[in-house]
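As a plain string of letters, each chain reads:
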Amino acid sequence: MPRNGSLCVYIGLTLALFAGVALVPPGLVLGRSVWVDGRFTIAAYREVLAEGRQWSLLRNTLAIAGGTAFFATVLGVVAGYAVACAGRRMRRTLVCALAVPFLIPPYIATVAWVDLLGRRGYAAKLLELSYGDGASPPNLYAVSGVIFVFSLVYYPLVAFATFLALRGFDRRFEEAGLCVAGKGRVFRRITLPLVGPTILTGTLFVFMLALVSFSTPSLLQVNVYPAEIYSRFSAFNDFSGATAHAIPLVFCGVAALTAWGLYMRQSRPWLTGAHRPRNAAGRRSGHGAAALVFTWFLVAISTALPLGALIRRAMPARSFFEALRTAKEEITTTVILASAAATLVTALAFSMAYLERLRLLDSATRTGAGGLRGAQRGSGGALHRIFALSAVPFLISGPVLGIGLILTWNRPGLPALVYDTLLVVVLACVGRYLFFAHRGAGACLTALDPALEEAASVGGVGWRRRVTGIILPLLWPSLVAVWGLTFVLSVGELEATVLVCPPGQTPLSVRILTLMHYGPSRLVSALSLITVLLILAGAIVTLVIYGYARRRVHVRG
Amino acid sequence: MGLLSMILVFAGCGCGKEDTPAVVVYTALDEMYSQPVLRAFEKQTGVKVKAVYDTEASKTTGLVQRLIAEQSRPRADVFWNNEVVQTIVLKNEGVTAPYVSPAAKDIPEQFKDPDGHWAGFAARARVIIYNTDLVADPPTSILDFTKPEWAGAAAIAKPLFGTTATHAAVLFATWGDERAKGFFVDLQKNDVAVLAGNATVRDMVAQGEYAIGLTDTDDANGAVEDGLPAKWIMPDQGEEGMGTLVIPNTVALIRAGPNPQGGKALIDYLLSPDVERMLARTRSIQIPLKPGIETPETVPNLTEVKAMPVDFAAAAAQMAASARFIQQEFLR
Numbered sequence: 001m002p003r004n005g006s007l008c009v010y011i012g013l014t015l016a017l018f019a020g021v022a023l024v025p026p027g028l029v030l031g032r033s034v035w036v037d038g039r040f041t042i043a044a045y046r047e048v049l050a051e052g053r054q055w056s057l058l059r060n061t062l063a064i065a066g067g068t069a070f071f072a073t074v075l076g077v078v079a080g081y082a083v084a085c086a087g088r089r090m091r092r093t094l095v096c097a098l099a100v101p102f103l104i105p106p107y108i109a110t111v112a113w114v115d116l117l118g119r120r121g122y123a124a125k126l127l128e129l130s131y132g133d134g135a136s137p138p139n140l141y142a143v144s145g146v147i148f149v150f151s152l153v154y155y156p157l158v159a160f161a162t163f164l165a166l167r168g169f170d171r172r173f174e175e176a177g178l179c180v181a182g183k184g185r186v187f188r189r190i191t192l193p194l195v196g197p198t199i200l201t202g203t204l205f206v207f208m209l210a211l212v213s214f215s216t217p218s219l220l221q222v223n224v225y226p227a228e229i230y231s232r233f234s235a236f237n238d239f240s241g242a243t244a245h246a247i248p249l250v251f252c253g254v255a256a257l258t259a260w261g262l263y264m265r266q267s268r269p270w271l272t273g274a275h276r277p278r279n280a281a282g283r284r285s286g287h288g289a290a291a292l293v294f295t296w297f298l299v300a301i302s303t304a305l306p307l308g309a310l311i312r313r314a315m316p317a318r319s320f321f322e323a324l325r326t327a328k329e330e331i332t333t334t335v336i337l338a339s340a341a342a343t344l345v346t347a348l349a350f351s352m353a354y355l356e357r358l359r360l361l362d363s364a365t366r367t368g369a370g371g372l373r374g375a376q377r378g379s380g381g382a383l384h385r386i387f388a389l390s391a392v393p394f395l396i397s398g399p400v401l402g403i404g405l406i407l408t409w410n411r412p413g414l415p416a417l418v419y420d421t422l423l424v425v426v427l428a429c430v431g432r433y434l435f436f437a438h439r440g441a442g443a444c445l446t447a448l449d450p451a452l453e454e455a456a457s458v459g460g461v462g463w464r465r466r467v468t469g470i471i472l473p474l475l476w477p478s479l480v481a482v483w484g485l486t487f488v489l490s491v492g493e494l495e496a497t498v499l500v501c502p503p504g505q506t507p508l509s510v511r512i513l514t515l516m517h518y519g520p521s522r523l524v525s526a527l528s529l530i531t532v533l534l535i536l537a538g539a540i541v542t543l544v545i546y547g548y549a550r551r552r553v554h555v556r557g
Numbered sequence: 001m002g003l004l005s006m007i008l009v010f011a012g013c014g015c016g017k018e019d020t021p022a023v024v025v026y027t028a029l030d031e032m033y034s035q036p037v038l039r040a041f042e043k044q045t046g047v048k049v050k051a052v053y054d055t056e057a058s059k060t061t062g063l064v065q066r067l068i069a070e071q072s073r074p075r076a077d078v079f080w081n082n083e084v085v086q087t088i089v090l091k092n093e094g095v096t097a098p099y100v101s102p103a104a105k106d107i108p109e110q111f112k113d114p115d116g117h118w119a120g121f122a123a124r125a126r127v128i129i130y131n132t133d134l135v136a137d138p139p140t141s142i143l144d145f146t147k148p149e150w151a152g153a154a155a156i157a158k159p160l161f162g163t164t165a166t167h168a169a170v171l172f173a174t175w176g177d178e179r180a181k182g183f184f185v186d187l188q189k190n191d192v193a194v195l196a197g198n199a200t201v202r203d204m205v206a207q208g209e210y211a212i213g214l215t216d217t218d219d220a221n222g223a224v225e226d227g228l229p230a231k232w233i234m235p236d237q238g239e240e241g242m243g244t245l246v247i248p249n250t251v252a253l254i255r256a257g258p259n260p261q262g263g264k265a266l267i268d269y270l271l272s273p274d275v276e277r278m279l280a281r282t283r284s285i286q287i288p289l290k291p292g293i294e295t296p297e298t299v300p301n302l303t304e305v306k307a308m309p310v311d312f313a314a315a316a317a318q319m320a321a322s323a324r325f326i327q328q329e330f331l332r
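Which chain is which? The protein sequence lines are A and B, in order. Note that our numbering gives residue 265 to position 265 of the first sequence, counting from 1, and the numbers run on in steps of one. Note that our numbering gives residue 113 to position 113 of the second sequence, counting from 1, and the numbers run on in steps of one.
Excised from the complex, chain B in its bound form:
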C-alpha cells in the first residue's frame, strides 16, 4: 500500500485543480518557435497552456497518430500543425471539429478548409539551398535535380515525413501518378542523396558535402543567419515555372476536447496578425498569409512569390499512395 501511495503521489504531481482550466495544445512547430507564442497567449489571457511538442524523429506524424489513438477520449483541445496534409488526415479521421474563427477572415481561401475544420497561417516555402563556395549558377527548378550536371551533388530529405512528404504528395496530386513516379525515379537515377531531415540537408549543403539541396525557408535561413556559405532561392518562379510549394501552419479544434472554449480562444489568438508578425521575426522567417503585416526584409512577401496552386485535400488523398511508392521503389 505504501508503494501504491507513493506512486499515486508521484503521478499526482501537477494534476491539481486549477481555477481556470488549461488549454492543451499538441504542436508540431518546433518548440523554440511555438513556445514563445504560447507564453504570449498565456500572458494576454491568463489561461494556462499545456503543450506537447513533436520531436524531430516523428515530424508531425507522431502527434497525428496520438490524436487518432486518443480519439475516444481526447486529451488535446487544439492541434497546431506546421503543415497542412496531416491536418486534413485528422479531419478525414473525424478527429477535428469545425470552428470558423473570426480571426480567419483575411486568410486566402486556398489556405482554409471549406468546412471550417482548419485554417492556415504563417507559411514556409520549399526552397533550393546551395553552397556558395561550390555553386555559382544555382538551379532554378526542382526539375534540375534530375539533370546530369547535378548528379551525386544534390540532396533531399526523406520524403516520408514532414514537409518533404507533403511536397511529394502534392506533386503526385498535381502531376498525376505517372509523371510524379517518373520524377522520383529520375532523382534516384541521378544519385540524389536522401537525408534524415530538412535540417540535415541544410547542414550538409552548408558544409559542402552536397552542392544543392531541397529544404524549407526556415532551415535555409538558419544557415544564412549563421554566416555559413549558403544561399537559397525560390524554385520554379519563371514565366513557365509551376511555382514553389507554400506550406502554412494550420490550426484545428479537436472534437470533444476537454476545454473547447479555451481551445477556440487559442485558435483565435494563433490566427491573429500578432502571431504572424511574431513568427516572421524569428529565425524561421515564416511568411504571413494575411495582407499588410510588416515583416523584416529577409521574409519573402507572399504577393511576390509565385506559389504553386495546390489542392491540399487532393494531396492528402494521395499521401498514402505516394508514401507507399516512395518507400517501396524510391527508398529500396
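Chain A extracted, bound-state conformation:
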C-alpha cells in the first residue's frame, strides 16, 4: 500500500476506532473471565460446558435462529418476488409497506403480539366468545412463538435482498439456458447461483439478528443463551459464567458466517457482477399475481395487526400528548444518539471497506494479475480477516458488550468525555451494528467498477482525491442506505444501551423498558408508537435522500 502521511493517519484512525469498539471491549471481557483473583483459570468455562442445561439452551437458541431464518426466507422470497413483479407505482408502495414491519423494534412487536395472541389477548377473547371456554390461540410463550414474532419482523430483510437480486438479474442468461436445458436445470444451474448469494446474505442477517436477541425470548419466557447470559450477570453475579455462555453464541455465528462465506466463494464469478440489470420489472405471470396477493396479506398481518393493537391500547389520543410531554428529552436523546451512531458506524464501515480495497489495489498493482477485479476474488488478506472480527461484538450479545464498554472506557485516567456522555452509547450501537454496516459498505464498494479508480491511480491521482472525487460521489446513495439501516437498528437498541446510558440521558428504548413494569400500559403503547414513528421518519428521510442521491449519480453517469 503506498504510504504517505495522511494515509497513515487515516489508517491509524480507522484501526484505532475499530479496535476501540470491536476488539478491546470483547477482549477485556474475555480476559477478565479467565483471569480471576490474579491467576489464569478456565474453570467457569469447564463448569458451563458440563451443565446439562447447555443442550436445551443450544437447542432453543438454534431453533429460534434457524427457524426464523427459514420462515423469514420463505416469506421474504415470495414478497421479494412480488415486488419484482409489481408495476412501477405499486412497487414503490409495496416497498414502503414492506419496510414497516422491520421498522418496529422486536420488543415492541412482541408487546403488540402478546396483546393479540397472549393468554388473555384479543384472539383468546374472540375464540372464547365463538367457541366457549376450551378454545384458545396457539401458545405464544414458546420457541414457536418467538420464531413467529421474529419471522414477521425480519422477513422484509430477505424480501429486499430478493428484490435486489431479481432486479440485478439479467434474464438473458435464463433465456440462453432454456435453449439447451429444461426449466428445472436452468433454475438450479443458472437462476439459483445468480440470485442465491444475495438472498442468502439476507437470510444470514436474519439468522444473526435472531441468534443474539434477548428481549423477545425474554418477554416470551423462552430460555436462550442471551437470556442466560443476562441471568448469570444479574442473578448469580457470575461474570465469568456469563462470558462463558457467550462463547456458544460466537461459535454459532462464526459457523453461519463460514458456511455463508464458503457458499459465496463457490458462487460463479463468471456470472456474478458481469452484467447490467435488464428486465428488472415485468415478471408478470400467474405466480406473480398470487405472490402479490399473498404479500399484501402478509403486510397486513405483520404491520396492521401489531400497530392496530398498540393504537387500541394507547387510546384515548391524549395518551400520545402525555407521552410526548413526558418523553421530550428521551425523544431528543434518541434522535441524537441514533443519528450519531449511524453516522459514525457508516463512516467507520466505509473506511474499513475502503482500506481493504486499497490493500487489494496495492496487491493487484504489485502482482499485475487480474487488476482489482481479479484481486477481489482472492482471500482478501490479513486486513480482511481482522475486520471479519466486527461480528464478535455483535455475537457476544448486548449485556456482555455493555460490560466490555464499561471496562474499556470507565477507567481512572481516561477522560470522562466518552463514558460520562452519550458517546459511550454511540459506541455501543457502533459495536453492535458495525458488522452489518461493514458488510453493506463492502458490498457497495465491490459493486463499483474498479476500472475508474484503477485508471485514476495509474494517472497518479492520490487516494484522497480518488475517494472524494470518484468513490464517494458514486457510492453515497448506498452509504445513505447503510446509514438508514443502522439508524433504524440504533433507535431500537436496548441490550447494551441499558448498561451504559449515562445518568439523565435515557433513550426511548430504555424508558419503555423501564415503564413496562405494569405491562403494556397506555403510556408504554404510546411511547412504542412514537418510537415507530421516529424510525419511520428516519426511514423516510433516508429514502428521500437516497432517491435524490441516485438521481444525481445517474445524471453524472
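There's no promise every hint is true.
[Unchecked claim] Lysine-lysine pairs mimicking DSBU-like chemistry, simulated, CA-CA at most 35 angstroms apart:
hint, chain 1, residue 1, chain 2, residue 2
1, A, LYS328, B, LYS264
2, B, LYS231, B, LYS189
3, A, LYS328, B, LYS48
4, A, LYS328, B, LYS189
[As the list claims (entries may be wrong)] To be clear about the criterion: a stretch of chain A counts as covered by chain B if any three or more of its residues have a C-beta under 8 angstroms from a C-beta of chain B, and this derived list gives those stretches:
hint, stretch
5, 77-86
6, 395-407
Hint data in this document are derived by calculation from the structure and do not stem from the laboratory. Bear in mind the structure is a predicted one, so any value in this text is a computation, not a measurement. Cβ coordinates follow ideal geometry from the N, Cα and C atoms, glycine included.
We have chain A; now place chain B onto it with these hints.
For chain B alone, coordinates are given in the frame of chain A:
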C-alpha cells in the same frame, strides 16, 4: 475531522459545567414512584439529581452489575434499591461506603446495616393475592401453595430476580437448605406457574388465569385500586405463623463517588419522614418503618403486621446458592 467534531458535539449534549454539582443516583424503585421524590429533593435543596432507573427486565440486578463494573471509577453517588439483599451484595463487593445518616436513628435495627453501609426505609411486604370471583376462602400461608387444592391454580414470579429472589434467599437462610429445597420441589409438583414478574402474577390472578398468587403489596394494591376482582392478605400471620417477609427500600453511599456531599444530602432526605409519607400515599402503599407517620387506611401498619424475623446478611450469603438450585432444579 468534521465527523469527529459532530460526534463530540452530540456527545457533549448535557455535559456542560453546572454551578452546583449534580447528584447521581441509581435507583431500582419504579420510576413512577422514585422520580417525584427526587424532584422534591431538587426543589428543596436546589441540587440537581441525575437518575438511572432500573428496567423491569433487570429488576435491581442490572444496576447492581453496573455498579460493580464501574467500581474502578464510580459514576453514581447513591444507590437507592427497592430491596435489601442486592445492596448487601454491593457492600460485600466493596462498592458501598459507610455513612450513618442522622435521619436513620428512628429506623428499627433489623433494617439497618450494623456497619452503616445501608439503611432501610419505606417497605413492601410479600402478600397473597387472590381472585375474588374464584376464591371465597383464600389460603393463609405460603405453605398452602403446595396443597393439592391449589394444584395448577397458583402462580409466583421467577425466583431469580427482584423481591421473589430475595424471598427465596430468605427462605433458604431461615429454613435451611433441605427444607427450602423441599418447598420449591413441592411447588413444582403442585404445578405452580412461574411468571415473568410480580406484576404479571397480579395481572394473571386479577384476570382469573390463576386463582392465587404470591406478589408484593405495591402490585397487589394496584389491582385493588383499579377495581379488578382481586384482594390480598398478609400470609402466615397466625399464632404459629412465621410472619410475612417485609422488604424495605435501602439506600447506600457509593465508595469514591463523584459527589459524596451531595450523596449524603440525598441519603438524609430519602431517610426523612417526608419521603416515607410520600411513598405511603402512592399507589405502591409503601409501609413506613419509622413510628408515628400518618398514612392512608390502605397502608398496613408495621406494628400490626407479623413480620418474618430475617437476617438479611445471611440471606445475601445464600443468594447465589438458592439461585443456582432454583435455576437448575426448579426452573428446568
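Evaluated hints:
1. The straight-line distance between the Cα atoms of A/LYS328 and B/LYS264 is roughly 30 angstroms, inside the 35 angstroms bound, and the hint therefore holds.
2. Taking the CA atoms of B/LYS231 and B/LYS189, the gap is about 26 angstroms. The hint holds against a cut of 35 angstroms.
3. Taking the CA atoms of A/LYS328 and B/LYS48, the gap is about 19 angstroms. The hint holds against a cut of 35 angstroms.
4. With a C-alpha separation of about 49 angstroms, the suggested pairing of A/LYS328 with B/LYS189 is violated against the 35 angstroms cut-off.
5. Judged by the Cβ-Cβ criterion of 8 angstroms, the stretch 77-86 of chain A is not covered by chain B as claimed, because only 0 of its residues qualify and three are needed.
6. Coverage of the stretch 395-407 of chain A by chain B holds in this model, with 3 residues showing a Cβ closer than 8 angstroms to a Cβ of that chain against a need of three.
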